[in-house]
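*Asks:* Below, each chain spelled out in residue letters.
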Amino acid sequence: MNEQRDILAARSRARTIRMVGIAMFAIGAILAKVGTTNIGLFIFYVALALGGLGLIVHSQSEYRKTLG
Amino acid sequence: MAQFLALVAFIAVIALIVWAKGASRKALNRHVWDRTGHQGGQVAIKTTTSFVVPDKAAAEVVRTVVDTLGYPTTKRALAGEMVLLGATGTEARFALANKLHESWMSRLSVADESDGAHGSYEVLRWTLVDGVVAGWKEMEIVARRVGEITTALGGTAKVTVPE
Numbered sequence: 004m005n006e007q008r009d010i011l012a013a014r015s016r017a018r019t020i021r022m023v024g025i026a027m028f029a030i031g032a033i034l035a036k037v038g039t040t041n042i043g044l045f046i047f048y049v050a051l052a053l054g055g056l057g058l059i060v061h062s063q064s065e066y067r068k069t070l071g
Numbered sequence: 531m532a533q534f535l536a537l538v539a540f541i542a543v544i545a546l547i548v549w550a551k552g553a554s555r556k557a558l559n560r561h562v563w564d565r566t567g568h569q570g571g572q573v574a575i576k577t578t579t580s581f582v583v584p585d586k587a588a589a590e591v592v593r594t595v596v597d598t599l600g601y602p603t604t605k606r607a608l609a610g611e612m613v614l615l616g617a618t619g620t621e622a623r624f625a626l627a628n629k630l631h632e633s634w635m636s637r638l639s640v641a642d643e644s645d646g647a648h649g650s651y652e653v654l655r656w657t658l659v660d661g662v663v664a665g666w667k668e669m670e671i672v673a674r675r676v677g678e679i680t681t682a683l684g685g686t687a688k689v690t691v692p693e
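Order-wise, the sequence lines are chains A and B.
Be aware that the first sequence starts at 4, since it is given in my numbering, and climbs by one per residue.
Be aware that the second sequence starts at 531, since it is given in my numbering, and climbs by one per residue.
These aren't lab readings, by the way, just hints derived from the structure by calculation.
Don't take every hint at face value.
[To be verified] Rough simulated footprint, nothing fancy, chain A against chain B, three-plus residues with beta-carbon under 8 Å:
{"hint": "1", "segment": "575-588"}
{"hint": "2", "segment": "645-657"}
[To be verified] So these bits of chain B aren't anywhere near chain A, every CB distance computed over 10 Å:
{"hint": "3", "residue": "Ala536"}
{"hint": "4", "residue": "Asp564"}
{"hint": "5", "residue": "Ala617"}
Even glycine gets a Cβ: it sits at the ideal position worked out from N, Cα and C.
Only chain A is shown next, with the shape it has when bound in the complex (with noise of 0.2 Å):
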């Protein structure tokens, strides 16, 4: 039963995981997409989007793992 709920609480860690990587990810892309003059406010928006793809693929190897 506790093993039950530990997979749950996992699986709903990865789906938490996975929608802050995609926003992350959607926001980082949006603004490098508009661009910007300071290069410096660049690199952030490519890591901001770099970042979010890191924490999905994060994710998704965590929800495996609930798997079995």
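Assemble the complex: chain A is given as a structure, and chain B must be docked to it using the hints.
*Replies:* What follows is chain B alone, placed relative to chain A:
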């Protein structure tokens, strides 16, 4: 007439370029960028896990597999997750899906025989993303879990991958 032929030729060239771009992207994905994914996916879609669980009823085997896997019965809005599409006394269907799209669907079917429950698990439908099977890792995991669960019930499981 010449203008019409030129237009047809132009459209044909554009269609050829679009097709060639798609085909080369798929080929690159299958043979260079995601070779492991392509090979893993091809094996996963062909794999059938057959099992025999002596002295157990089919309904009990289906119920145990469904309960142990513990997949939800409702699809999420965005996140593609494993779901239980439906279960009867002799069959259960699973999918990796969200509300908009099913990446793949599989079936566990079990029948009562004189010596116990005989059954199989296989992927029925799948989708390709750039030439590679979508969600092939989940396919592998679920097939392995079905084998483990039926073995834990006291049965024997056999994995078959046709050439």
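*Asks:* Indicate, hint by hint, whether the structure satisfies it.
*Replies:* Comparing the hints with the structure gives:
no. : hint    : verdict
1   : 575-588 : violated (count 0)
2   : 645-657 : violated (count 0)
3   : Ala536  : holds, 37 Å
4   : Asp564  : holds, 14 Å
5   : Ala617  : holds, 17 Å
Consistency note: the structure conflicts with the earlier hints numbered 1, 2.
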